[in-house]
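Student: Model the full structure from these sequences, guided by the hints.
In this note's numbering, the protein residues as written are 1 to 253.
Each hint should be verified, as a subset may be incorrect.
As the list claims (entries may be wrong) - The list that follows gives simulated cross-link-like pairs (lysine to aspartate or glutamate, DMTMM-like), each with its CA atoms no further than 25 Å apart: (1) K130 to E40; (2) K220 to D90; (3) K220 to E24; (4) K220 to D76; (5) K220 to D237; (6) K130 to E236; (7) K130 to E168.
What the hints contain is simulated information worked out from the structure, not anything from laboratory work.
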Amino acid sequence: MRIHSIMYVSAFAMVAALPASAQERSFNFALRGGVSAAPEYLGSDQTEAGADLGFTFGSLSWGGKTIGNGVRGVPDNGVSVRGAFRVIGDRTVDVSPELAGLEDIDTAVELGIGLTYQQTNWMAFGEVRKGVTGHSGVTGTLGADLIYRPNDRWLITAGPRVNFGNDEFASTYFGVPTGSSSSFAAYDASGGALGAGLEVAGTYFIDDKWALEGAVSYEKLLGDAADSPITQNGSEDQWRIRLGLSRVFTLNF
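Tutor: What follows is the structure, encoded as C-alpha cells:
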C-alpha cells in the first residue's frame, strides 16, 4: 500500500474515533449550472452562447462557531462575510479572428471574499477576487440591491454594480503589447474602475434544495477598458443573460 493511501486511511480512522461533538462541522453552499449569452470577450460587440457556472457560500460551522446562516436562510440585518466567485469566458482567435496577433486567454476563474451590509429590503456589498486561472490579476465589485420577496418561493433583486481591476487584469484583457502582429495600435491599459452598470436577478425556489435562477445585466466599460483599441473595435456596451439550475449541498466533516 502506498504511503499516501496509508495516510488517508489513518486520517479517516482518527476522524471516526473523535467524539460526535468534534465531528459536528459542516459547510453549506450551492452550485449553479446553466446557459448564458454574453459578449465573445470583454469589449466585444458580438454575443455568444456558453455555459453558466456559479457558486454561493451558505455557512461554515466549526468548533461551535458558525459563519453565515445557510444558502436558503434570510441574512441577518447588519454586516456579514460572504464568498466571491466569477467566471470569465476564454478569448480565442479561432472564435474572434479580428484579434489575430493577440494571445489567447483561457477561461478565468476568480475566487475571493466579500462584505455585505444587509437590511430587510436592500443590501450593499463589496468583494475582492483573485484570478486563479486565465489571469492572475485582482478584481473587485461594489454594488447594492433592492430586495423583493413576494412569497416564500420567489426572490428578486435589482441594483447597480461597479467593477474594478488592477493593472495586470486590465493589461490582460484590454492591453495591446508593443510589437504585436495584431492590427491594433500598442496600448498600455491601467487598472481602476473598468465598468459600471445594473443587474436584475430572480430566483424561484423549487424545493428545499433546488432552485431556478436567472439574471440580466448591463455594463458600460469605463476608463482604460473603454479607451482600449480592442473595445473601440467592438463595443463599450456589454449585455449578459444567464439561466441556470442550482442545488444546495451541506458537507459534514
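Student: Each hint: holds or not?
Tutor: Hint by hint, here is what the structure shows:
Under the criterion of a C-alpha separation no larger than 25 Å, the hint pairing K130 with E40 is consistent with the structure, at around 22 Å. A threshold of 25 Å between alpha carbons decides the hint, and for K220 with D90 the separation of about 20 Å falls inside it, so the pair holds. Restraint check: the Cα-Cα separation between K220 and E24 comes to about 46 Å, which exceeds 25 Å; the hinted pair is violated. For a cut-off of 25 Å, the pair hint linking K220 to D76 is broken: about 32 Å separates their Cα positions.
Simply put, K220 and D237 have alpha-carbon atoms about 5 Å apart, close enough for the 25 Å limit, and the pair holds. For the given pair, K130 sits about 24 Å from E236 by alpha-carbon distance, which is consistent with the 25 Å threshold. Between K130 and E168, the direct Cα distance comes to roughly 11 Å. Compliance with the 25 Å bound is thereby established for this hinted pair.
Violated hints for the displayed structure, listed by number in ascending order: 3, 4.
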